[in-house]
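J.: What follows is each chain in one-letter form.
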Amino acid sequence: MQLPPAVHARLAGGPGAAEPLPVERSPKAGAAPFRFTARQVRFPREHEFFEDGDVQRHLYLQDVLTQVAGAPERPRVPEFTCQVAGCCQVFDALEDYEHHYHTLHRNVCSFCKRAFPSGHLLDIHILEWHDSLFQILSERQNMYQCLVEGCTEKFKTSKDRKDHLVRRHLYPADFRFDKPKKSISPATPRATVQVSAEALGAEGEQAEGDAMEVCSEPAGERHMAGRRIPPTICFGQGASRGFKSTKKRNKHQ
Amino acid sequence: MWLRRRGCLRPAGCGVEELRRRRREREAALRKARREQQLISKRLLRDDAPEEGEGGCVAVILGQAEIQQFLQLAQRGTEEKERERALVSLRRGLQHPETQQTFIWLEGSMRTLVGLLTSNQALLQLEAARCLHELSHSEQSAVAEACLPATSYLLTYLSGHSSDFISPHVTVLEALGYALSQLLQAKEAPEKIIPSVLGSTLPQHMLQLLQPGPKLNFGVAVEFAWCLHYITCSQVNNALLITHGALSTLGLLLLDLAGAVQRTEDAGLELLACPVLRCLSNLLTEAAVGAVGEQMQLRDERVVAALFILLQFFLQKQPSLLPEGLWLLNNLTANSPSFCTSLLSLDLIEPLLQLLPVSNVVSVLVLTVLCNVAEKGPAYCQHLWPGPLLCSLLGTLAFSDTEVVGQSLELLQLLFLYRPEAAQAFLQQSGLQALERHEKEAQLQDRVHALQQTALHG
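Sequences listed follow chains P and V, in order.
Using our numbering, read the first sequence as starting at 1 and increasing by one per residue.
Using our numbering, read the second sequence as starting at 254 and increasing by one per residue.
One or more hints might be untrue.
Stated by the list, open to error - Cβ-Cβ distance ranges computed for the label pairs, FRET-style: (1) V:R274 x P:E48: 51 to 61 Å; (2) P:T37 x V:G640: 39 to 49 Å; (3) V:Q515 x P:K159: 15 to 25 Å; (4) P:P27 x V:Q515: 13 to 23 Å; (5) V:K570 x P:D131: 17 to 27 Å; (6) P:A85 x V:T331: 54 to 64 Å; (7) V:C644 x P:A9: 44 to 54 Å; (8) P:A31 x V:E694: 17 to 27 Å; (9) P:L127 x V:E289: 35 to 45 Å.
Stated by the list, open to error - Below, a sample of chain P positions facing chain V; criterion: calculated Cβ distance under 7 Å: (10) M1; (11) P4; (12) P5; (13) A6; (14) V23; (15) R25; (16) P27; (17) H58; (18) D96; (19) C151; (20) T152; (21) R167; (22) Y171; (23) A173.
I should point out that these hints are in silico values taken from the structure, not numbers from a laboratory.
The structure displayed is predicted, hence computed values, not measured ones.
Where a beta carbon is used, it is the ideal one built from N, C-alpha and C, also for glycine.
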């Protein structure tokens, strides 16, 4: 099938519709015994028209599943350390490092060093925590925006927002600052609970607000006993906790 | 990684002929299943897999206690390797339907899995995604239904505005998309599941994942494009999708695909092109299209250019998709003088005619599109003749398929009506003889006679 060069050029050009030629119909067009009428067609899901495309799709899926079942060997590299100041995590696969960096170091607040899973959540954090204008405005109007993109709800307090996230968008209920998971710090449950209570008391509403932070998992980091462990930033916990949990530090050093 | 293009898993010692034979067998089995309305049976997808699993490992049935143990280890284990192994064991177990059942009904299991899907350890996240993938094959839709609520949370965590997609995130997204696509194919989907999906923020998320640009991931886009197809062809509330900008997003994606096809000739692109074409075609039929604002509609002429580039690609790599592409062309041109004009101004009539010999289905569709153009009147028919069209029509009149001939007759009527000189040329090129062949055919004779009269007497 030969396409004129104008077609490729048109694709590369800007958007726009053709100026239509004048339409002029005769009543004889499509009149009996003829029957043509220009009309759009829709096909329901089970229609045989879709058979070929559906079969191709399933062939692809069968291939995919074969690959999933036999998870391939991942390429290993000589051990290396994360270069971010204060972080000593060690890796032997690039994929792991990429993931680590992205989740713990990439979207970090320059004011308070909390880490976030995405730039979007970081932006919201900065707005809500480090913008004094935000605090002033939030006294008069609903400023806490829903975290789910596409949802336009806004709330008076971060707690109201959290309730909305749990109720309406079915976020996990423990997607919360004030309930550390037991798995987080098996060695220092007391320290963390105490500190979080303090943090709650000291910072009031603000402390509740940050339900978006990324939790690094010290349980996984224990294999590097002897190395300096980064300050714990737990899901929804404040960075200040890391400085206060001296008990934990001593234990690992 | 799961992308087909990143390396195929082939059974060792398999020759090319053997592979082709197996593929033909699989294809035949799938066709049969679809005709029996069984294509969505997850059994079919799993039939081959257990044999080709890693090192001859067969799926093991896990009991409740074992599942709980593996989950606990994965979530709270102290050694990274230990946690990984626990998840791998769980995944293997989940290849078995009984384990899937036990898992679903175990309290807190999905929640734990969702937590692992956002782990900041890559391997755990990857294995959790694989578990999700296995679970998606459960005969009980309860699994996919359990994923639905978590999707909002997962998508917030995984996508946001970050400019790089890291591979475990991509894997989780693909698994999510796949799980959702399974859910959306259920028999009860149009009544129960699709309305609730449409009522959530999922459509916006899906469309965002389909936006062309540096962040577009092919595997993820394929899964969510199919999700969108299952939604749109169920005709529950397509108007809502249009208000979310589905037409313009998919239109831009089509342009992107055509660009990619020009650059790489990659045979995998049809996996994404197919659902995109289907969604566009079905969405265009919504009455809402006329009611929404300019930006929401599809008027961009580049869509026509893109579609033809894809048709050319299909002709070479996947001819079975030509009808779907032509379906979109029909829906674009039927009620649009602008798009019909584009066909003429971009010189696309001749390329269209080149598709006539492919198959009867394709011929009928090509002729239908040409009728869409011709029926708009003399200004349009002026561009159809003189030209190669008449000669092609004399060719299609020699086909034995009644529908092809019938559509040719319709086109001839329009051509003779709006361009009488064409009738003269038709006579000179032995058109009457071509018509005579069909004088006795019940479905055609009235129209044949009418055309004979017109040609002879004007």
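J.: All the hints need checking, so say for each whether the structure fits it.
T.: Now for the hints, and whether the structure bears them out:
1. V:R274 x P:E48: 51 to 61 Å: For E48 of chain P against R274 of chain V, whose Cβ atoms are near 26 Å apart, the range 51 to 61 Å is violated.
2. P:T37 x V:G640: 39 to 49 Å: violated (24 Å)
3. V:Q515 x P:K159: 15 to 25 Å: violated (53 Å)
4. P:P27 x V:Q515: 13 to 23 Å: violated (44 Å)
5. V:K570 x P:D131: 17 to 27 Å: violated (53 Å)
6. P:A85 x V:T331: 54 to 64 Å: Check failed, 27 Å falls outside 54 to 64 Å.
7. V:C644 x P:A9: 44 to 54 Å: Violated, at about 28 Å.
8. P:A31 x V:E694: 17 to 27 Å: holds (21 Å)
9. P:L127 x V:E289: 35 to 45 Å: Roughly 56 Å apart at Cβ, these two residues miss the hinted range, so it is violated.
10. M1: holds (5 Å)
11. P4: This hint holds: P4 of chain P lies near chain V, its Cβ roughly 4 Å from the closest one there, short of 7 Å.
12. P5: With Cβ-Cβ at 10 Å, over 7 Å, it is violated.
13. A6: holds (6 Å)
14. V23: At 5 Å from the nearest chain V Cβ, V23 of chain P passes the 7 Å test, so the hint holds.
15. R25: holds (6 Å)
16. P27: violated (10 Å)
17. H58: holds (5 Å)
18. D96: Since chain V brings a Cβ to about 4 Å from D96 of chain P, closer than 7 Å, the hint holds.
19. C151: holds (5 Å)
20. T152: It is violated, given that the least Cβ distance between T152 of chain P and chain V is near 10 Å, above 7 Å.
21. R167: violated (11 Å)
22. Y171: Check passed: Cβ of Y171 of chain P comes within 5 Å of chain V, closer than 7 Å.
23. A173: violated (9 Å)
When held up to the earlier numbered hints, the structure conflicts with 1, 2, 3, 4, 5, 6, 7, 9, 12, 16, 20, 21, 23 and fits the remainder.
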